[in-house]
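*Asks:* Each chain, letter by letter, is given below.
There are 2 protein chains.
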Amino acid sequence: MTQSTTRPMIVAGVMSGTSADGINVAFVRIKAARTPRFNKRTRSNSEPSDLHHPPIELLAHTEYPYPSQVRCAILDAMNAERASVANLARLNVLLGELYANAVLKSQRRFRRVPDLIGCHGQTIYNQGDAQPFLGKKITTTWQTGEGAIIAARVGVPVVSDFRFADMANGGKGAPLVPYLDYRLFRHAKIGRIVQNIGGIANLTAIAAGADASDVFAFDTGPGNMVIDQVVETLIGKPFDRGGKIAASGHVIEHIVDSLLKRDFFRERPPKTAGREEFGREFVREFLRQRQGASKPDIIATATALTARSIADAVRRFVIKSTHHTSRNSFQEMLVSGGGVKNATLISMLSEALAPLGIQLRLTDEFGLPSQAKEAAAFALLAYETWHRRPSNVPSATGAKRPAILGKISYA
Amino acid sequence: MTQSTTRPMIVAGVMSGTSADGINVAFVRIKAARTPRFNKRTRSNSEPSDLHHPPIELLAHTEYPYPSQVRCAILDAMNAERASVANLARLNVLLGELYANAVLKSQRRFRRVPDLIGCHGQTIYNQGDAQPFLGKKITTTWQTGEGAIIAARVGVPVVSDFRFADMANGGKGAPLVPYLDYRLFRHAKIGRIVQNIGGIANLTAIAAGADASDVFAFDTGPGNMVIDQVVETLIGKPFDRGGKIAASGHVIEHIVDSLLKRDFFRERPPKTAGREEFGREFVREFLRQRQGASKPDIIATATALTARSIADAVRRFVIKSTHHTSRNSFQEMLVSGGGVKNATLISMLSEALAPLGIQLRLTDEFGLPSQAKEAAAFALLAYETWHRRPSNVPSATGAKRPAILGKISYA
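As given, the protein sequences belong to chains A and B, one line each in that order. Mind the numbering: the first sequence is residues 1049 to 1459 in our numbering, read in order. Mind the numbering: the second sequence is residues 1049 to 1459 in our numbering, read in order.
FYI, nobody ran anything at the bench for these hints, they're computed from the structure. What you are looking at is a predicted structure, and each value in this text was computed from that prediction instead of being measured. Incorrect hints may have been included.
[To be verified] Computed footprint of chain B on chain A, listed as stretches where at least three residues anywhere in the stretch have a Cβ under 8 Å from a Cβ of chain B:
#	stretch
1	1118-1125
2	1171-1180
3	1202-1214
4	1276-1285
5	1341-1348
6	1401-1414
Glycine is no exception: its CB is placed at the ideal position from the N, C-alpha and C atoms.
Construct all of the structure, not just a fragment, from the sequences and the given hints.
*Replies:* See the structure below:
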């Protein structure tokens, strides 16, 4: 088999998130035909298959928690100002061994053997904005977990270290998942917004018949982060299960309206949000506006903030930015992430989207559960790299051009 | 061009040594035909070309010192018990930029554009022996200098991070240069020992008509390390220029004889030496045996120790270990490294080899100056990896099997 052949492959994707909980493994089958085109002049007439025959099929997925001492070592490396150079070097190899074991165990469990592995690694440092260092302006990132170890143990090639190639081309090295959204959800006739609602909410906008270079993505603002903090502060629970408390309250509209006038929401994409924007400080200010409202009203208002900020972002930056083209605008929003479990949030979002002519659907109906999504994304990115094709989405990362992501270690 | 084609390529090798002085760049042209065989059963009848048509041709080489603040940052990372995680992440990118600049400058100077780059990177940590870490036995190493940055800047693929694949297969990840020795100096009819005399002296033994798997390599003991320290202690100069002082003295034979009975010299290869074996402590003991001898006599004796220990290693471990085969034994020693400049050392070595039927030659006459050798080696290793061929020498590194070294970053 040469790399230029594009036969279907089974690819294992291995992901470890910044929470450093453990290792997600997804085995996916990737079919050959649908190569995205980055160059509009060479655009093919063939359209990607519809949702009943997606080019990426999730075969199985699972997760393995890190041993607690490994988790501690990772958190130490992430949070300590200074760390032992020797231990960082050892952690790289140790994680390589753990990732290899995770794939080998999954192989036995799924009774499938992958042809290729894409391993994201464990991020222990990330700096997406250029900062001066010894006379140069540097952006950098660090995913540890040695690809060569995985390749040797499992006996198949490994693609690792995905983010640098995008950074080297002027991008932030993130987000990389929009490429999976594009490949999974692009539709010839339907414009789709893929909306993830985690702590922070982010969207990927895929116009009908889009090229990868047409796709764009950005953070819309709070996802569950503000709701959860408000619920915890007011009633001491970690979250509003099913959105029941919010359902029993009334949204205080003028608070939502005034919050949506904040800089973050007005700022044009690309933009990213985090605890700096919607953490404790934001919640403290938010609660100051309470003025005797009931707890359910406040929780309903926090919930409405997430729903309305998403719809607002769509209205301001998604529909608007593409209405000058001849293409259809956006008809569907596909929602994933923990926020999906909050029925009140989803119903608010659905209502807010209705005037825009956008129908809400859940990504789960497309066969890719939220927990498997990131691991599946790195399987797909590895597949593209193996075939020497770019897979960053420059409009999402800010890169100046498409880049072939990651490094290949042969077995 | 696919990776399975083996047309001639111009490959840039980029090396930074542990002294952290700077960046060595070598451009080499590598011809296609002579693929080494690791599997004896499939050994080809075609023999590598002779020394007038070596498969690897050095086109040009040069070096660039690190800016002093970069050198400081590297030495800090190497020597500090703990280091800033952020700065380690930045150093990786910064060195990638510097390596890219070094190749781009060389391109303009040499008026050649490489097809591929092999970059060793800067070692900041190395642990070739397994040690327990969080419940696993780990060997590890760390070469920094981001390959993806170099690939993006120069616009050609880069192979980096060579040592892990060998380690993952049970080796120490070093030495990797014996593969170059094998490819350059292997001869169908002549058994050759490639002897490098740096601070430590090491040899690569390549029997006539050897396969890569027949090659073996080990440290023979002191190179210039003991001589230089003795000269510095006795007369305050950094080294014995041209071996003139040694030439004016007489070797105290019984001291050499007794030193050669030490454990290190009797130990069977593979073995490695360093300051632990032949540093200050050794020299202090050596000088204690002086008993009124003149300074030139002592320096001559130190010089004889290097020469005799090399010849002894050849007699004990090289000739012996292969005389049971039907092959010719070894007829030539090709010497390189700083020790070559010590005429007394070379003449002593030549004399010590004569009874073994081994003739001494200098590698410089083969067109590869010592300063370019390591950089050229990583160009060759990159070329092999690009063609998905292994290039470790298991008998030199201790690996259980051949391994394809390094990771490929596409431009």
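*Asks:* Each hint needs a verdict: does it hold in this structure or not?
*Replies:* Results for each hint:
1. 1118-1125: The restraint on the stretch 1118-1125 of chain A holds, since 3 of its residues have a Cβ under 8 Å from chain B and three suffice.
2. 1171-1180: holds (count 4)
3. 1202-1214: Since three or more residues must qualify, the claim that chain B covers the stretch 1202-1214 of chain A holds, with 4 doing so at under 8 Å.
4. 1276-1285: violated (count 0)
5. 1341-1348: violated (count 0)
6. 1401-1414: Three-residue rule not met by the stretch 1401-1414 of chain A, so violated; n is 0.
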